[in-house]
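Read top to bottom, the protein sequences are chains A and B. Start counting the first sequence at 1; every next residue gets the next number (my numbering). Start counting the second sequence at 1; every next residue gets the next number (my numbering).
Keep in mind that the hints are not guaranteed to be accurate.
As the list claims (entries may be wrong) - Using 25 angstroms as the maximum straight-line C-alpha spacing, the simulated BS3-like pairs for lysine-lysine come out as follows:
#1 A/Lys31 to B/Lys555
#2 B/Lys555 to A/Lys115
#3 B/Lys422 to A/Lys115
#4 B/Lys422 to A/Lys31
#5 B/Lys55 to A/Lys31
#6 B/Lys284 to B/Lys405
#7 A/Lys115 to B/Lys423
None of these hints come from the bench; they were simulated from the model.
Next come the chains, spelled out residue by residue.
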Amino acid sequence: MNKEWQPRLVAFFCNWCTYTAADLAGVSRLKYAPNVRVIRVMCSGRVDPQFILDALAKGADGVLVGGCHPGDCHYVEGNYKMLRRYHLLKRMLKDMGIEEQRVRLEWISAAEGHKVRQVVNEMTEQLRALGPLGLPQKFEEWDREVERLAADVHAREAADAAAACAGRTSAEEVTHA
Amino acid sequence: MANGNGNNRTSPERRPRIGFYVCHCGVNIAGTVDCAEVARYVGTLPGVVLSRDYKYMCSDPGQELIQKDIAEYKLERVVVASCSPLLHEHTFRTAVEKGGLNPFFFHMVNIREHNSWVHTDRAEATAKARDLARAAIERVARHKPLETKRVPIKPVTLIVGGGIAGIHAALTLANAGKQVILVEREPTIGGHMAKFDKTFPTLDCAACILTPKMSAVGAHPNIRLLTYSEVVKVDGFVGNYKVTIRRKPRYIDEEKCVGCQDCISACVFKQPKFTDEFNEGLGKRKPVYIPFPQATPQVVAIDSNVCLNFRNGPDGSRVVSDKCKKTCVEACGDRNAIDFTQKERFEEIEVGTIIVATGFQAFDAKRLPAYGYGRYPNVFTALEVERMVNASGPTGGHVVLRDGKTEPKTVGIIHCVGSRDKKTNRWCSRVCCMYSMKLAHLIKEHTHAEVYNFYIDIRTPGKGYEEFYNQLLDEGVHFVRGRVGEVTDWAITPEEEGKLVIRVEDTLAGVVRRIPVDMVVLATGLEPRSDAQEVRRLFNMSCGSEGFFLERHPKLAPVSTFNDGVYIAGACQGPKDIPDTVAQAGAAAAEALSLIDKGYVEQEPNTAFVLEDECSGCKSCIPLCPYSAIQFDDARGKAVINEALCKGCGTCVGSCPSGSIVQNLFDDEEIFSEIEGVLAYE
Numbered sequence: 001m002n003k004e005w006q007p008r009l010v011a012f013f014c015n016w017c018t019y020t021a022a023d024l025a026g027v028s029r030l031k032y033a034p035n036v037r038v039i040r041v042m043c044s045g046r047v048d049p050q051f052i053l054d055a056l057a058k059g060a061d062g063v064l065v066g067g068c069h070p071g072d073c074h075y076v077e078g079n080y081k082m083l084r085r086y087h088l089l090k091r092m093l094k095d096m097g098i099e100e101q102r103v104r105l106e107w108i109s110a111a112e113g114h115k116v117r118q119v120v121n122e123m124t125e126q127l128r129a130l131g132p133l134g135l136p137q138k139f140e141e142w143d144r145e146v147e148r149l150a151a152d153v154h155a156r157e158a159a160d161a162a163a164a165c166a167g168r169t170s171a172e173e174v175t176h177a
Numbered sequence: 001m002a003n004g005n006g007n008n009r010t011s012p013e014r015r016p017r018i019g020f021y022v023c024h025c026g027v028n029i030a031g032t033v034d035c036a037e038v039a040r041y042v043g044t045l046p047g048v049v050l051s052r053d054y055k056y057m058c059s060d061p062g063q064e065l066i067q068k069d070i071a072e073y074k075l076e077r078v079v080v081a082s083c084s085p086l087l088h089e090h091t092f093r094t095a096v097e098k099g100g101l102n103p104f105f106f107h108m109v110n111i112r113e114h115n116s117w118v119h120t121d122r123a124e125a126t127a128k129a130r131d132l133a134r135a136a137i138e139r140v141a142r143h144k145p146l147e148t149k150r151v152p153i154k155p156v157t158l159i160v161g162g163g164i165a166g167i168h169a170a171l172t173l174a175n176a177g178k179q180v181i182l183v184e185r186e187p188t189i190g191g192h193m194a195k196f197d198k199t200f201p202t203l204d205c206a207a208c209i210l211t212p213k214m215s216a217v218g219a220h221p222n223i224r225l226l227t228y229s230e231v232v233k234v235d236g237f238v239g240n241y242k243v244t245i246r247r248k249p250r251y252i253d254e255e256k257c258v259g260c261q262d263c264i265s266a267c268v269f270k271q272p273k274f275t276d277e278f279n280e281g282l283g284k285r286k287p288v289y290i291p292f293p294q295a296t297p298q299v300v301a302i303d304s305n306v307c308l309n310f311r312n313g314p315d316g317s318r319v320v321s322d323k324c325k326k327t328c329v330e331a332c333g334d335r336n337a338i339d340f341t342q343k344e345r346f347e348e349i350e351v352g353t354i355i356v357a358t359g360f361q362a363f364d365a366k367r368l369p370a371y372g373y374g375r376y377p378n379v380f381t382a383l384e385v386e387r388m389v390n391a392s393g394p395t396g397g398h399v400v401l402r403d404g405k406t407e408p409k410t411v412g413i414i415h416c417v418g419s420r421d422k423k424t425n426r427w428c429s430r431v432c433c434m435y436s437m438k439l440a441h442l443i444k445e446h447t448h449a450e451v452y453n454f455y456i457d458i459r460t461p462g463k464g465y466e467e468f469y470n471q472l473l474d475e476g477v478h479f480v481r482g483r484v485g486e487v488t489d490w491a492i493t494p495e496e497e498g499k500l501v502i503r504v505e506d507t508l509a510g511v512v513r514r515i516p517v518d519m520v521v522l523a524t525g526l527e528p529r530s531d532a533q534e535v536r537r538l539f540n541m542s543c544g545s546e547g548f549f550l551e552r553h554p555k556l557a558p559v560s561t562f563n564d565g566v567y568i569a570g571a572c573q574g575p576k577d578i579p580d581t582v583a584q585a586g587a588a589a590a591e592a593l594s595l596i597d598k599g600y601v602e603q604e605p606n607t608a609f610v611l612e613d614e615c616s617g618c619k620s621c622i623p624l625c626p627y628s629a630i631q632f633d634d635a636r637g638k639a640v641i642n643e644a645l646c647k648g649c650g651t652c653v654g655s656c657p658s659g660s661i662v663q664n665l666f667d668d669e670e671i672f673s674e675i676e677g678v679l680a681y682e
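Modelling step: build the complete structure from the supplied sequences, incorporating the hints.
Here is the structure:
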């Protein structure tokens, strides 16, 4: 990349509150960081933790999930279901060595266009400070490492096999002698 | 590992032929996004056989272009990058359908609200548009043909709130032959308007125009009026709402009471003794009362909090003590309308559409102590004065000081109390300028007092409103421009002695003035009802940041909410005057009517279904569904989703450990392809 590195933020917004809030931010012409890419889902409850992991694995530096405020879910309680998964996922991400600020769940109602701006800007700055997560590059690196290791092991096995073969011959020779 | 996700199914063997359109939206998008570049880039993506940029995609020529291209280029999928799908997704789906494709072989990219309007850097915005478009191309290639399902509409409308908005909406619908259930929490309908004396700018008597409509509601065969009742629970969805209504006991059988009011004169309390809410506490009423003479229904109510026949029960609620002589029952005689055994009841009704018209509450003037309301007796709120000038009000139409007899010689009306103020409410309440001038006129007419108006700006945007202001200027009402600092009784000159002094910076003259008056009237603003949040949750609506109910779109869907089949009208949506309220109520009734007359709604086919072969029967999805749409088939050991009950949230899909639930329009491979699309580096 020639250009200065820019954080990549993937967001999953629920149709009824946060997506609408982002529309409101647009209608109100609030300006915020262009780093976010929004994917619309009907409810934050639809957000499978795999979506978040997949986004990180495919090159996102952070993932934002936006849902309705507790008690306001269009589908009664989908946002609570997301909250439960989010807490579990946070623990898992911690174990994976992924910084806490990279994944965030926010309640943003349809009236809170300013909150979309605030959260996106905040997160973009946090990700900028954290630097690239670069999982795809890491995967490539790890793949190469595994390949190197495999080649190494393979070479060693071949050498051992050759040596064993040679040893046996000499031993046989000795016995025969 | 990056590609090792089990749910991420491989891309289709053969890419469908995709057509892509990017809309300029005049300069709304093209001003920030290089549309030609986006079109060029998308044209290079696999499967895209046609990529165009066009000035206005939502215009008729734009839609016809899609239809023509589908035939000419044998397109199998269409993507439009323009405004929010919440605005025009339906438009383009219809265009795609007219072109001969399944309407769901379409996807929309939001590059206006989510891009050109919120970003300034052209290169960044163009890059973002490219990313979002790429994701849509990836996604649309995986779209499946779907069908919308039709849900019948119950031809009954629930109207919540019996103010002028609810009344007008109810009559409009009922006159069209539709069944209406009107729920009002007070013992009578009428709302705030029933308390007004005259209405601006025409000065016609509020009761004369309102009460015929109230009676019409009471007598209309298509309207079922449930007063003294509240909605406590709403289940279901557009076309089929199940609503639970709490009927508070009024201790009167509404069927039997004829409104003769004999019981009121017979009450053991010879004199009215208790605060009369209808008269803003200026008058008194008895425990058995009728709020005002034209109350609808013409049925009395018994206030169990003060009636002698009740005592405090062990849990603090009021229970019948039977200690009273019950002269009221005697007076009622064989009509037998009084029933002390009445209990709170819950009634379930089924309706297809709902109009919420719960109105506003007046700003509590005590929140601004500098104006002395509650501290100085002769500081009044506008609603109190409104009741005083009314001939059937507590003073019989005389504007008098708190002592009940002295007419004021000078009156100061303070505008914007609880409006346009960072400390209280920031919004303009829209009606205060006009009602203040109306009160100024009426006070002058009744008392010949000198009247001062203290205003920040005079706002008269309405038919005949500016003319009314000019009329007031001609009548010799004084206008002082400036927000009042305080109202005080601290006199510093002999002529201020015994008066209330209004301290104000006259911003036109550039001096601070002290104006002594006998009576201060506070033009309190309009604010959301204190329980607006609960009501919002009940009906699954949204509120704006100030707490008024949020309309779906301020211009294109001003009475719709985000919950289909639920409409809003009147001051619960924002401060407004009577003409606007009535207009909005008519609009809400028309919206409900159009749904009812159509007979059905088309629902998004975004429901979920279980892939039977893959379901392991773990049952983890079953408790997640708030609509109980998932059942367990014991015989086969599989979960089954009832499509008719599923609302399409996808919560079960996101939680299925074996990935065997699929949500139409939002299935895993569609979303994974979108994730991949937005992140693919160049």
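Checked hints:
no., hint, verdict
1, A/Lys31 to B/Lys555, "23 angstroms, holds"
2, B/Lys555 to A/Lys115, "23 angstroms, holds"
3, B/Lys422 to A/Lys115, "20 angstroms, holds"
4, B/Lys422 to A/Lys31, "24 angstroms, holds"
5, B/Lys55 to A/Lys31, "24 angstroms, holds"
6, B/Lys284 to B/Lys405, "17 angstroms, holds"
7, A/Lys115 to B/Lys423, "22 angstroms, holds"
The structure is consistent with each of the numbered hints, conforming to all of them.
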